Structures are given as structure tokens and as C-alpha cells.
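S.K.: Below are the chains, spelled out letter by letter.
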Amino acid sequence: MLKYILIPLLPFASFLINILLGRNFIKDRAHWIAVPAVFGSFVLAVSAFLEVMNGNTININVYSWIASGDFTVSVGFLIDQLSAVMLMVVTSIGTLIFIYSIGYMHGDGGYYRFFAYLSLFVFSMLILVMANNFLLLYFGWEAVGLCSYFLIGYWFHKKSAADAGKKAFIVNRFGDFGFGLGVILIFLTFGSLEYLQVFGGAGAAMGQTISLFGYEVDLLTLICLLLFCGAVGKSAQIPLHVWLPDAMEGPTPVSALIHAATMVTAGVFMVARCNPLFNLSEVAMNTVAVTGGVTAIFAATIALVQNDIKRVIAYSTVSQLGYMFLALGVGAYSAGIFHLYTHAYFKALLFLGSGSVIHALHDVQDMRNMGGLKKHMPVTYAVFIIATLSITGIPGLAGFFSKDEILWRTYLAGDLGKLLWFLGTTAALLTAFYSWRLIYMTFHGKFRGTHEQEHHLHESPKVITVPLMLLAVGAVAAGWVGIPPVIMEHGDRIGEFLAPVLGHPEGHGTHAEEYMVMGASIFVALLGWFVAHRMYVKTPELPRKLGASLQPVYNLLLNKYYVDELYSKTLVQPVLRAADRIILGFDTYVIEGIVNGVPGLIGAFSRKLREVQTGMLSNYALVMALGALCIVGIWIFLR
Amino acid sequence: MENIIYNHLDYSILSWTVFLPVLGALFLLLVQGRAVIRWISLLFTLATFVISLPLLTHFDKGTHAMQFVERHDWIPSWGINYFIGIDGISILFITLTTVLSVLCVLVSWMAIENKVKEFHIAILTMEAGMLGVFVALDFFLFYIFWEAMLIPMFLLIGVWGGQNRVYAAIKFFLYTLIGSLLMLVGIVVLYYTGGRTLDILALSSLDYPFKLQCWLFLAFFAAFAVKVPMFPVHTWLPDAHTEAPTAGSVILAGVLIKMGAYGFLRFSMPMFPAATKFFTGPVLILSVIAIIYGALVCFAQKDFKRLIAYSSVSHMGFVTLGLFAFNTQGVEGGILQMVNHGIITGALFLMIGIIYERTHTRVIADYGGFAKLVPWYAGLFIVLTFASIGLPGTNGFIGEFLIIFGALKARMLYGVLAATGIILGAGYMLWLYQRIFFQDANPDYEVSGHHPVSDLTAREVVLLLPLFVFVFWIGFYPNTLLDYMHASVEHLIQRVNVTEMAGSGKMIANYLTEIF
Chain B
1 MLKYILIPLL PFASFLINIL LGRNFIKDRA HWIAVPAVFG SFVLAVSAFL EVMNGNTINI
61 NVYSWIASGD FTVSVGFLID QLSAVMLMVV TSIGTLIFIY SIGYMHGDGG YYRFFAYLSL
121 FVFSMLILVM ANNFLLLYFG WEAVGLCSYF LIGYWFHKKS AADAGKKAFI VNRFGDFGFG
181 LGVILIFLTF GSLEYLQVFG GAGAAMGQTI SLFGYEVDLL TLICLLLFCG AVGKSAQIPL
241 HVWLPDAMEG PTPVSALIHA ATMVTAGVFM VARCNPLFNL SEVAMNTVAV TGGVTAIFAA
301 TIALVQNDIK RVIAYSTVSQ LGYMFLALGV GAYSAGIFHL YTHAYFKALL FLGSGSVIHA
361 LHDVQDMRNM GGLKKHMPVT YAVFIIATLS ITGIPGLAGF FSKDEILWRT YLAGDLGKLL
421 WFLGTTAALL TAFYSWRLIY MTFHGKFRGT HEQEHHLHES PKVITVPLML LAVGAVAAGW
481 VGIPPVIMEH GDRIGEFLAP VLGHPEGHGT HAEEYMVMGA SIFVALLGWF VAHRMYVKTP
541 ELPRKLGASL QPVYNLLLNK YYVDELYSKT LVQPVLRAAD RIILGFDTYV IEGIVNGVPG
601 LIGAFSRKLR EVQTGMLSNY ALVMALGALC IVGIWIFLR
Chain D
640 MENIIYNHLD YSILSWTVFL PVLGALFLLL VQGRAVIRWI SLLFTLATFV ISLPLLTHFD
700 KGTHAMQFVE RHDWIPSWGI NYFIGIDGIS ILFITLTTVL SVLCVLVSWM AIENKVKEFH
760 IAILTMEAGM LGVFVALDFF LFYIFWEAML IPMFLLIGVW GGQNRVYAAI KFFLYTLIGS
820 LLMLVGIVVL YYTGGRTLDI LALSSLDYPF KLQCWLFLAF FAAFAVKVPM FPVHTWLPDA
880 HTEAPTAGSV ILAGVLIKMG AYGFLRFSMP MFPAATKFFT GPVLILSVIA IIYGALVCFA
940 QKDFKRLIAY SSVSHMGFVT LGLFAFNTQG VEGGILQMVN HGIITGALFL MIGIIYERTH
1000 TRVIADYGGF AKLVPWYAGL FIVLTFASIG LPGTNGFIGE FLIIFGALKA RMLYGVLAAT
1060 GIILGAGYML WLYQRIFFQD ANPDYEVSGH HPVSDLTARE VVLLLPLFVF VFWIGFYPNT
1120 LLDYMHASVE HLIQRVNVTE MAGSGKMIAN YLTEIF
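First to last, the protein sequences are chains B and D. Residue numbers for the first sequence follow the working numbering, so the first one is 1 and each next one is one higher. Residue numbers for the second sequence follow the working numbering, so the first one is 640 and each next one is one higher.
Just so you know, the hints here were simulated from the structure itself, not pulled from any lab data. Keep in mind it's a predicted model, so treat the numbers as computed, not measured. Quick reminder that beta carbons are idealized off the backbone N, C-alpha and C, glycines included. Misleading hints may appear alongside valid ones.
Capping the alpha-carbon separation at 27 Å, the derived lysine-lysine pairs in DSSO-like fashion look like this [said to hold, decoys possible]: (1) D/Lys941 - B/Lys569; (2) B/Lys418 - B/Lys374; (3) B/Lys159 - B/Lys569; (4) B/Lys158 - D/Lys850; (5) B/Lys159 - D/Lys941; (6) D/Lys941 - B/Lys27; (7) B/Lys158 - D/Lys1011; (8) B/Lys545 - B/Lys560; (9) D/Lys700 - B/Lys159; (10) B/Lys27 - B/Lys462.
So these bits of chain B aren't anywhere near chain D, every CB distance computed over 10 Å [unchecked claim]: (11) Ser68; (12) Tyr561; (13) Lys569.
Given the sequences, and given the hints that come with them, work out the whole structure.
M.R.: And the structure:
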């Protein structure tokens, strides 16, 4: 048992040591504590994974956390197939990114602080995936949000960074508002918060309704939708996606680990974990699928025109998360988790690769000031190409298998499925375009920065490139555990591994159809590549012309559909203005006025009292006694 | 050690706890010299804390009955007794009071230079008064403590307060006085209807006619609602908090405003269960308004301390919401949240006092970039910020979660509305933190020629540390505290809910037409 508890506790110990001793003692040696800790977790996770492969799932309660009346909940861990896969993703990518950070954060003033927060994050994320009940899940859920807040605002002297951290936390609170209510509703329905008991009772709760402000609502649907609110916030889906692009204010390793590979996928993990509940509510499932499908294409269109290298990748992340929800919504849970797992590798690689570029250019992020980096940074270029081939879905690489599985399962899911498949495939076209656009703008053509910068261009050190190369291996090979049966029998090993938790997806199609879907995705991947090549290599003046002729559309996309402005105008500003003018005025004048009876009474009273300041105590006693006497007298008299 | 104390003090341990600070205050009258006074004051508050510890260890958690009971005739002809004891509802407040009192002495070490002796006498008598309120089981005794507590608090604000101290002190005094007088009338009525006794336990087990219950409930409510403070009688609180010296704010936020909610639990609910049920709706609505309204007002504050003061209105709204949900989770969450609020807001006021000693400004706009200037201070402050927001792992989460759980179970709508408070809370606290600690230092402030601000001293770390231990202890293992409450809370809920069955809807409806 100790072995499993140590998985999260090792990074936690690293956090404590670094945060308490880092400032004065450890300083720039912080990685000597953090890296072994997270690597230790990785080793233990591997051993747990092997045990699960042998068919032993673990469910332990460590201690009773809260007990109040009939409400009880423990701190306890569940390690089954699903959490085992998540453990592997978190600790393996975590280790690589920790090592990468040694190089990337070298010389930063808050080096120890960075590793402390990163360790706290890994701890929180591990608690999140290992929890065996909803409240501990909620603990991890909020704790990763906290770390995200710290790390986005890591360079807190920048207003933009401080704003972005705050925004991320508060936007997530909107989602957590629903999530928290959902958790409480689960207990009120099932009398427990433990996964196994809740999922065991799910069938019995089917068809129950609850009266909500006068309407009869299906209980399970309500619970699922409330939980999904949390997922929408954490995984940056429409309409709560606005925090993720701003989160790129954080250091690049943070963007890779938290805002691409792990934390933002927590929503996907949670919905997959709750599949026994979601399966029973068609409304909830359709909501998940549509949200995912729409987000996938929505974010991809924004990514088409962004110029900040990290923002392009950020919108790409939002879009890819949309794919995962699309899979969950059509009941293909294992396909969603499969994509989560492959995405973690190629997206972490994209971010770390862009970090390598930013590092070489001394914090330039605008792609318009890049170009021609291919010959200066061959390793970074090579891994970028691999990641791009993977994300765009070129056959043989990781992204191809998982994305194809999602699109195929979506295609099979009825009429709505066909429509969503079309959206997904179109999004894949856009993905290919913006991914190659990024490559061409960054690595091809002529360098567009200053001579000073060009002079200093260099490939990153080994401590950065080695993790990149290892991630590149993942971006190629991670998909080989999920080869569709139509190509290789028993090729879908991850699907079969996860089946005890996530079940088998429904729906069957002919081989011809499956090849058609596959062919369509390969075709759009190549088409997007071709168009990007055409626009950014062959005729570089074309994009500007196109942008000018389609000015309104271009501006709409560049400004991210003005969603931020909309929220600011309809939500943020009104609250602040109401607080400032209405509420404060109300408090000062109306309530004070009414409660005080005559305004200024107190002032008058105090002036009176000031004149007889020495007699204040006796006055007080006198008033008390007199008042009491009068009232008692009146009362006795009237009796 | 607590065994030794327990064996020596035996039956009078509770009296010792209450009156040791009084002894200390008397002793202070005899000595001279600031340093001596401070050390003696510290010694007595520490000693009080130490002898209050056996109460925790020797408390029988299995019963709702009063424990450590002491009962002596006092004025037999009026039926007045010296009658004290504690149960699962009051015990935690004893410890909270004794802990915070020690910290109040410590934080005033450097801050109070003026009338040191009088200040520490006020603190010690204040402590005795508060402890007395929580242990008194005789109405006469209770009322003496209740009013006695007001005087030192009034002086703390009025003498050692900020610029606007006289206004704030008198406002505080008037508000509380008016409430208290109505309660006094209620007590007198109870004395006569209850058979000329002032025994709180005896009076709590009687069944009063519904109409009388309602009037009495309102009379007591006046006193308690002002203390809590509930919307709309909260406006004394921001002034009192802001103007009070740090120690005063800590006591005010930590203990004093808990007395209103404690009063609901000790008096209103067991004595007037039918009326309590009857008035539940309005009280819940006022609670929800307090949560949202209190949070919104925080957004408009320009003053560091005033913002935290207004946040108390919001947090105490959670407390009353939980208590009036009348289920185990709601009531236990409410009590726990009172303790939590004492810890978190107490610590916040301590920290504000600490930084004020260095900067001499409470205007938020004067700050900025303090994370660089005072990193340890900033690190501790962020912990409190998130505890206040109710982040899991801190004590704030457990309290708020249980309250929202209880509210949702009792009345769906109020639970949902209360939960919006967690979004607003995150908003104003993180915005505050950003303005104080992040970005660049305020240039206007820099040029005004203040000394460079220094980080926490050893004394300050020592005085803050206990509260941080509690923040995480309760966050990770709240059962330590919840276990004390179960029996008493179950008993209370049963009393209220049984009445509901006896006092059928018809009866209530009849009285409804009669009252209004």
C-alpha cells in the first residue's frame, strides 16, 4: 500500500523541501530534489501499471477525511486500467519536462520556486487521477488549478501574467461551481461519493427526476451536465475556453506539462471516469459530443491567423481537446483516452520545441519575427516536423491512429454523428494548415528578426534537446498500441486494456466505410499541408493579399470572435460597476440611513458623548440600567 | 501535562480558565514598566491557554450533556446561580478564544506604545468576558459577561483605534446596545414564564406557546443578528474592524462576531424551536443576501482592512445559512466555519497589522510588487487567501462544503445561490492579492520616502504559525473538530425537528394570521 501512496507523496515532499528551504539554501540546485522525486513516481507508476496489467486493480481507503452525520468520505485511491494509463502519461511526460526545465529555467531568479510549484502540480495531478471518490477528485481538481494559477503568474511582475493567472482561476471557478454542485447531488442521490458505489447504483437511479425551480428534470442528466460544467472549465471548451490562450503567459515547460499534456485533459479523464453515469443520459452525451465537435472547429479557425507561436499551439490544444470530448460524447471513451495519451506526447513536443525556439531568440514569440531557423536549429526543426506529422494525422504516427479512431467512431454514431464527423474532418483540414503554417513561418524562408538576434541563434543545449528527442519517439510510436482492427487484428491493444473500465464502443460499419473515413482524413491532412506550402513557401505574398480581401473574417478570427470582449462587457464590467456604484452607495446611504434612523444621529451622539468623555462608563451603565428598568416596568405593568 | 493540570484543578477547571485572565488584569494594576506588563500579559494568556487544554482532552465526545459543570447558589432569592459548563458546541470556542488572545498580546508587542497597561488590562478582561459568555449556563451570569465584554471592546476601538475611532466605537456600542436591551427584555419574560428561574438548561427544555416563542425569538434575534452581523444590520462591522487596533480586529473577527451565531445555537434554537422553524425562510434569505452582497461590496473597497472586514459579512452569511439548514452537515459546517473564520480572518487581520506597522497605509493602491519586497510574507498571505476562498486542503473548504451540502439538502435554491459566493470570493481575493503583491511597486509610494519594507521577524512568524497549522490540520483532518460536535448537534437538531412534528403546520398557520 505504501508504494501507491508514495506515488503522489514523492513530488509533494519535493514541493515542501523546495518551498521551505529553496530560497535560502537550495536555490539553483532545486532540480536535484524535484527530478529524482518525479522520476521516483514514474518508477512506482510503472510498477503499478504492470500490476494492473496482471489484472490486479487496487482500491484502498487511507483514512476517513470528513465524517458529519450520514455524510462520510475518505481519502482513498483507486488504481485501475484508466488511472494506470493516466499515471504513466503524467509521470513520464512530467519527468521529461522537469529535465527540460533545468535547461530552460536556468538562471531564473525564482528557479527553486518554479520546481516547487511544478512538484506541487504533479502531486495534485496524481491525486486527481488516483482518487477513488469524487471529493478527493475535487481536491486534486482544485489543487491543479491552484498550481496553474501560480505557474501562469510565475513572472508576476508582468501585469499580463498576473492577469492571466487570475483569469484562469476565476474562469475555472465558474466550471467548478457546477462541478461542486454535481458532486453534492451525487451524494444526495447515491449516499456515497466512492466511484464504485456510485457507478454500482447508477442503474437504479435511472429515470429518477428532481424538481428544479418548478421543472421536473432527469436526475442523472442533471448530475452529468453539472459534472461536465467542471470539465468545460478545466479542459477549456466553449464557452469557458478563454483562459487557456492567456495561460501561455507562463513559462513554456508549464504550457507543455499543464496546459497541454496533463491538467487540461483532466476534464476528459473525469468524463471517461464517470462513463457509467453519462451512458445513462442521452442528453448529456449529446451535449458532450456537440461541445467537443464545435470547440474542435471553432478553436482551429482561430489558430489559422494567430501570430504568436505559443497561441497557435494553445488554440490547437483547445481544438484537440474538443476531439477528445467528441469521442467521449459518442461513447468511444477509450478512443478519447487514446487521443489524450498520444496528444500528450506530440503536443508537449510542440510546446517544448517552441520553447527551444523562444529560448534561442531570447523571448521572441511572434512568428512574424522568425523564419529560417531550420539551419540554425536542426534538432528542434526535426522534432517539430515529427510532431506536426503526428498531429496532422499522417499514417504511421501516433496522432493518425487516435484521431482516426475518433472520427471513425463519430461517423458510426447516427445522423448527429455524421454531422460531427464532417465537422471533425474539416477541423483536421484546418489543423494541417495551421500546423504547417507554423513550421513554414518559423523555420523556412529568411530570418526576419534583428541582426543581433541572428548572430546569437544557436541550437539548444542537450538538457533541452534530449527530452525533445525522447518525446519525439513518443509522438511517433505512442499510437502503435491502438492500430485499428481493420488493419491489424488485435491491434487495438489500448482499447482492449481499457475495456474493463470504459467498455466497448457501440456501432458497426463496413470495412469500406472505415477505409473511406480513413482516406478522408489522410486526404485533408495532405490538402492542408499542400495549401500551407502553397501560401507560405511558394507565394509568400498570398497570405497578406488574402487577409486584405477577407478583412472582416480575418479580423474576426484574429480577435478570437471577440469572446473576451463580450465577457468583459456583459459580466466583468457590470459586476465591478454594480459593486462600485450601486452596492457601495446602497450600503453607505440607504442601509446606514434606514438602520441608523436619522442620519447623523451617531455624529450628534458622539459629539454629546465627547463633551462628557470622562463619564462615559458610568453613562453607559446608567443608560443600560434605565433602559432595562423602563422596559421591565412597562412589561410588568402591561402584564 | 494536561493530566497534571486536570488533576490539580479538578472540578473548578472551567472557572480557572475564565477567571485567570481577570487575575492577570488585577495583577497588571500593580506593576509598572512596559516590558514587564507585556510579559505578564503574555504569561497570563499563555497560562489560560494551557489550562484550557485539558478541557479538550478530557471532554467526553459521546454525550450532548454539559460537562465540567460547576453550580453554586449565588442570589438564591432571585433564583440566580453561578452555573457554568460546556458542551460540544461551546468547547471549540473556548480554545479558539484562548489561542487568539495569546496572539493578540504578541501582535501588540510593538504596535501599542500608548497606555500599554490599560491596553493589556482591556485585552485580558475581554478574554474573560468572551470565555464567560461561552460557558455561562445561567442567564444572569450570561448577561453580565455579554455586556462586560462590550466595555473593553469599546475602549479598544475608541482609545487605540485609527483616525475615525470615536465614530466607529460609538457606532459599535449603539448597535450592540440596542440589540442587547431587546434580549434583556426577552430574558426577563423568560424568567417569569419559565417559573422564576434563570437556568438556561431548564429554560431550554420547556415548551412555550408559539406566539410567545415568536416574540422572544425576535427579541433575541435582534441581539444576535447585530453581533453576527447579518444583512442589513452589518454596517457597524466595517467601521469597527477598520478602526480597531490589530488585536481588536482579531478578537472582533475571531470571537466576538461568533457570539451571535453561538446565541442562535444556545438559545434561539433549543428554546424557541417552533419559532425558529417559522422564521427559517427569512433568515435563510438574509444569509444568502449577506453572502452575495458582502462579496460584491468587497469589489468596491479601496481599503485593505475594510475589504477583509466586508468579506466577514459574506463568510458569516455562510455560517447562518448552515445553522438554519437544520441538518447535521449544515449545523456542523456552520460551527466549523465559525472556527475557520476565526482562524483565517484572525490571521488575515494579524498580517494586515504586521504590514501596516511597516507601511502605515491601508490604501490598496499604495501597494504593489510586495511579493518581491517581502517574499515570506507574500507566501503566507497567499495561503490565507486560498483558505478564505475555500480551496480543498484548507479548513475553509471543509466548512463551506458542509454548509453548501447542508443547504442544498434542505433547500436547493439557497444552496445554489450560496455556491455563487465561491466564484465571487475567488474574484475579490485574487484581485486584492494581485494589487498588493504582484506587478511593480507603486512609484508614488516609493517616492514618498518610506523605509524599505522588511520581511517577517521571528516573533511574527511564531505568532502566525499556529494559525497556519490549524488551516491545514482542519483541511486534511477536520474530524478532530467535528468529533466534538456530533452528539450536541444531533441533540439540537432532534429538539428542533421533533418540535416541528408536534407543532403542526396548522398551528403555525393559525398563529401566522394572529401575529401579522
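S.K.: Determine for every hint whether it applies to the structure shown.
M.R.: Each hint, compared with the structure:
Between the alpha carbons of D/Lys941 and B/Lys569 the distance comes to roughly 23 Å, so the proposed pair stays at or under 27 Å and holds. Straight-line distance between C-alpha atoms of B/Lys418 and B/Lys374 comes to about 40 Å, which puts the hinted pair past the 27 Å bound. Simply put, B/Lys159 and B/Lys569 have alpha-carbon atoms about 20 Å apart, close enough for the 27 Å limit, and the pair holds. The suggested pairing of B/Lys158 with D/Lys850 is violated, with an alpha-carbon distance near 63 Å, which exceeds 27 Å.
Distance check on the hinted pair: B/Lys159 and D/Lys941 sit about 19 Å apart at the alpha-carbon level, within 27 Å; holds. Taking the CA atoms of D/Lys941 and B/Lys27, the gap is near 37 Å; set against the 27 Å cutoff, the hint is violated. The straight-line distance between the Cα atoms of B/Lys158 and D/Lys1011 is roughly 12 Å, inside the 27 Å bound, and the hint therefore holds. Only pairs whose Cα atoms come within 27 Å are accepted, and B/Lys545 paired with B/Lys560 is accepted, the gap being roughly 21 Å.
A threshold of 27 Å between alpha carbons decides the hint, and for D/Lys700 with B/Lys159 the separation of about 52 Å lies outside it, so the pair is violated. Between B/Lys27 and B/Lys462 the alpha-carbon distance is near 22 Å, which keeps this suggested pair within the 27 Å criterion. Separation of B/Ser68 from chain D is inadequate, the least Cβ-Cβ distance of about 5 Å not exceeding the 10 Å criterion. Residue placement check: B/Tyr561 keeps its beta carbon more than 10 Å from all beta carbons of chain D (closest about 24 Å).
For B/Lys569, the requirement that its beta carbon stay farther than 10 Å from each beta carbon of chain D is met, with the minimum near 17 Å.
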